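Put together the whole structure using the sequences plus the hints.
Here are the chains, one letter per residue:
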Amino acid sequence: MAVSTWPLRDAVSATNNAPRHSALVRITHWLTTLCFFALLLSGIEIVISHPRFYWGETGNVMTPSLFDLPIPASRPWVQTGYGFVLPDQNGWSRNLHFEAAWLVIFTGLVYVISSLLGRHFRKNLLPAGAGLTWRALSKDIANHLRFQPPDEAEAWSYNVLQRLTYLLVIFVLFPLAIWTGLAMSPAIVSVFPFLATVFGGLQSARTIHFLVSVLLVLFLLIHIVMVCRAGFRNRMRAMITSRIASTNEHP
Amino acid sequence: MSNFSRRKLITTGLAATAGASGLAVAASLANRYGLIPPDHGGIYGPGEALTYASQRLLTRHSLAREFPRSQISQPPFANGRPLKDKAYQRLQAGAFADWRLTVDGMVARPASFSLSELRSYPSRSQITHLACEEGWSFIAEWTGVPLSHVLDLVGIQPQAKYVVYFSIQPHWWDSVDMADALHPQTLVTYGMNGGELPVGHGGPIRMRIPRQLGYKSIKYLSRITLTDSLKHIGDGRGSSEPAAGYSWFAGI
Numbered sequence: 000m001a002v003s004t005w006p007l008r009d010a011v012s013a014t015n016n017a018p019r020h021s022a023l024v025r026i027t028h029w030l031t032t033l034c035f036f037a038l039l040l041s042g043i044e045i046v047i048s049h050p051r052f053y054w055g056e057t058g059n060v061m062t063p064s065l066f067d068l069p070i071p072a073s074r075p076w077v078q079t080g081y082g083f084v085l086p087d088q089n090g091w092s093r094n095l096h097f098e099a100a101w102l103v104i105f106t107g108l109v110y111v112i113s114s115l116l117g118r119h120f121r122k123n124l125l126p127a128g129a130g131l132t133w134r135a136l137s138k139d140i141a142n143h144l145r146f147q148p149p150d151e152a153e154a155w156s157y158n159v160l161q162r163l164t165y166l167l168v169i170f171v172l173f174p175l176a177i178w179t180g181l182a183m184s185p186a187i188v189s190v191f192p193f194l195a196t197v198f199g200g201l202q203s204a205r206t207i208h209f210l211v212s213v214l215l216v217l218f219l220l221i222h223i224v225m226v227c228r229a230g231f232r233n234r235m236r237a238m239i240t241s242r243i244a245s246t247n248e249h250p
Numbered sequence: 000m001s002n003f004s005r006r007k008l009i010t011t012g013l014a015a016t017a018g019a020s021g022l023a024v025a026a027s028l029a030n031r032y033g034l035i036p037p038d039h040g041g042i043y044g045p046g047e048a049l050t051y052a053s054q055r056l057l058t059r060h061s062l063a064r065e066f067p068r069s070q071i072s073q074p075p076f077a078n079g080r081p082l083k084d085k086a087y088q089r090l091q092a093g094a095f096a097d098w099r100l101t102v103d104g105m106v107a108r109p110a111s112f113s114l115s116e117l118r119s120y121p122s123r124s125q126i127t128h129l130a131c132e133e134g135w136s137f138i139a140e141w142t143g144v145p146l147s148h149v150l151d152l153v154g155i156q157p158q159a160k161y162v163v164y165f166s167i168q169p170h171w172w173d174s175v176d177m178a179d180a181l182h183p184q185t186l187v188t189y190g191m192n193g194g195e196l197p198v199g200h201g202g203p204i205r206m207r208i209p210r211q212l213g214y215k216s217i218k219y220l221s222r223i224t225l226t227d228s229l230k231h232i233g234d235g236r237g238s239s240e241p242a243a244g245y246s247w248f249a250g251i
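Protein chains in written order, with numbering that gives the first Met the number 0: chain A, 0 to 250; chain B, 0 to 251.
A portion of the hints provided could be inaccurate.
For lysine to any residue, the following SDA-like pairs were computed, each having C-alpha atoms within a straight-line distance of at most 25 Å [said to hold, decoys possible]: (1) B:Lys7 <-> A:His28; (2) B:Lys160 <-> B:Glu195; (3) A:Lys122 <-> A:Arg74; (4) B:Lys7 <-> A:Ile239; (5) A:Lys122 <-> A:Ile169; (6) B:Lys83 <-> A:Leu23; (7) B:Lys83 <-> A:Phe83; (8) B:Lys83 <-> A:Trp76; (9) B:Lys7 <-> A:Arg74; (10) B:Lys7 <-> A:Val111; (11) B:Lys83 <-> A:Leu85; (12) B:Lys7 <-> A:Val168; (13) B:Lys7 <-> A:Arg242; (14) B:Lys83 <-> B:Glu195; (15) B:Lys83 <-> A:Asp87; (16) B:Lys85 <-> B:Met105; (17) A:Lys122 <-> A:Asp87; (18) B:Lys7 <-> A:Pro75; (19) B:Lys83 <-> B:Cys131; (20) B:Lys7 <-> A:Leu23; (21) B:Lys7 <-> A:Ile26; (22) B:Lys83 <-> A:Arg74; (23) B:Lys7 <-> A:Phe105; (24) B:Lys160 <-> A:Val190; (25) B:Lys83 <-> A:Val60; (26) B:Lys7 <-> A:His20; (27) B:Lys7 <-> A:Phe83; (28) B:Lys7 <-> A:Trp76; (29) B:Lys83 <-> B:Gly154.
Derived list of chain A stretches under chain B, where covered just means 3 residues or more per stretch with a C-beta under 8 Å from a C-beta of chain B [as the list claims (entries may be wrong)]: (30) 60-74; (31) 181-190.
Derived from the structure by calculation, the hints contain no laboratory data. Predicted model only: the values in this text are computed from it and were never measured. Cβ atoms here follow ideal geometry from the backbone N, Cα and C, with glycine treated the same way.
Below, the structure written as structure tokens:
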């Protein structure tokens, strides 16, 4: 009898004390968060200096735009219809943007390389690990649409929809943002012209850079909403200390 | 448990020491090969230095993209307002006949060139982008004398590391390293789209550095000086732009 209680105790303590997220995931998550907000704030400031978007190689106030943002600008030559010009904040914004870009690239490299070596992707993010079937996926989508709170197992692993979303952010959106960012550099493009030409030119790359950042902001909003739905304190504790105190906490 | 912590402590210590000495070695190597920008101080210094060093390693000899004539933007957009500077307006009234470009500093034979002298030298025309840090851009054909030719005429002293160039408009100046100064596409530009360089685009002459953003292409060029250090020019950060928050190196 005494022997048989051991496995039970181990199972219980595992539920309460086993790390939810590895130190690597937690550190890179919060570094990325820091960079993301720096990139977002500085990106908005940069866009304010010319809130018009184009397709192709060139675009300026003399050429028709693909679309305009309905916001005032920080330059007098952009006609926004607001009748006032915002102060120029481009200098520090560009500095902050590139510094945060460097940090997020290093963070991303550490995360991706360590995750490949440590099999984090295979274990936790590849959808096969959560049973990738149309049924599982449609169940996840239906649960999300009905605003069902996640079941207890999801405190310990990700569902199929979540896995696909994270993979999209890590392997499509972030790389595309970096690619189109580099495609706007006249020096980088002098060495690798295809970075810009593959999209149809400098201005196309800028437009895609903007659209990708909109998708990333959309991801962030849904991410925060889902964290709140799943139990904000518990999920935050899991990502900061890696511990999960109680598996049935409700917001 | 204490064994584990000690091992962890030793590993962390070794990693930190290796990291710190790695950084020190990288910094001294970067300094020796001229990979540290003049505006490397402050909180944005690390980003500036990383950008400049990596782009300089990558782009020393690369050529900015050139485009077919059909891609020239019509009409080209000129930002900025008409120059109110008295000296400029007096020269403009005389059709810029008295405009001079002075070249001095670390050169063997300081000289001053008139527009007709500049036009008499071997010229180069190139159809390249002018991309502004704000986000807009246009393509135009730029004609001028390569800066490297002008520098050959005056004779570069071997210790020169930067070329500083000034607009006739006070407090508007910039500088590039020798890689950009001697680059074949760096032009003392006097023509645009087959005609003279319009006043709105910096006429009678402007610097054109097509591998960097538009703000490095100073308008109304009046003086060039060569130096081995930018410390004593302006606030020592290589350009009038860092004072407004803008990077000295504008390759991105």
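Worksheet item: According to a criterion of three or more residues whose C-beta lies within less than 8 Å of a C-beta of chain B, is the region 181-190 of chain A covered?
Response: Three-residue rule met by the region 181-190 of chain A, so holds; n is 9.
Practice prompt. Assess, step by step, whether the Cα of Lys83 (chain B) is no farther than 25 Å from the Cα of Leu85 (chain A), and give holds or violated.
Written response: Holds, because 24 Å separates the two Cα atoms, which is no more than 25 Å.
Discussion item. Hinted pair, alpha-carbon criterion (25 Å max): Lys83 (chain B), Arg74 (chain A). Please report holds or violated.
Written reply: Roughly 20 Å separates the two Cα atoms, so the pair holds.
Fill in: Given hint Val168 (chain A) paired with Lys7 (chain B) - CA-CA distance at most 25 Å
Outside the cut-off at roughly 33 Å; violated.
Worksheet item: Holds or violated: are the alpha carbons of Lys7 (chain B) and Leu23 (chain A) at most 25 Å from each other?
Response: Holds - the C-alpha atoms of Leu23 (chain A) and Lys7 (chain B) are around 16 Å apart, at most 25 Å.
Worksheet item: Does Asp87 (chain A) lie within 25 Å of Lys122 (chain A) when you go C-alpha to C-alpha?
Response: Judged against 25 Å, a Cα distance of about 47 Å means the pair is violated.
Worksheet item: Taking 25 Å as the top limit, are the C-alpha atoms of Lys7 (chain B) and Ile26 (chain A) close enough?
Response: 17 Å, holds
Worksheet item: Do the alpha carbons of Lys122 (chain A) and Ile169 (chain A) lie within 25 Å of each other, as the hint requires?
Response: Within the cut-off at roughly 16 Å; holds.
Item to complete: Below or equal to 25 Å on CA atoms is what counts here, so check Lys7 (chain B) against Arg242 (chain A).
Response: 21 Å, holds
Worksheet item: Given the hinted pair Lys160 (chain B) and Glu195 (chain B), is their alpha-carbon gap at most 25 Å?
Response: Cα-Cα ~32 Å, so violated.
Discussion item. For Lys7 (chain B) and His20 (chain A), compute the direct alpha-carbon distance and say whether it is at most 25 Å.
Written reply: The hint holds at about 20 Å.
Worksheet entry | Given hint Val60 (chain A) paired with Lys83 (chain B) - CA-CA distance at most 25 Å | Answer holds: Lys83 (chain B) to Val60 (chain A) is near 24 Å, not above 25 Å.
Hint compliance for this structure: hints 2, 3, 6, 9, 12, 16, 17, 18, 27, 28, 29 are broken, all remaining hints hold.
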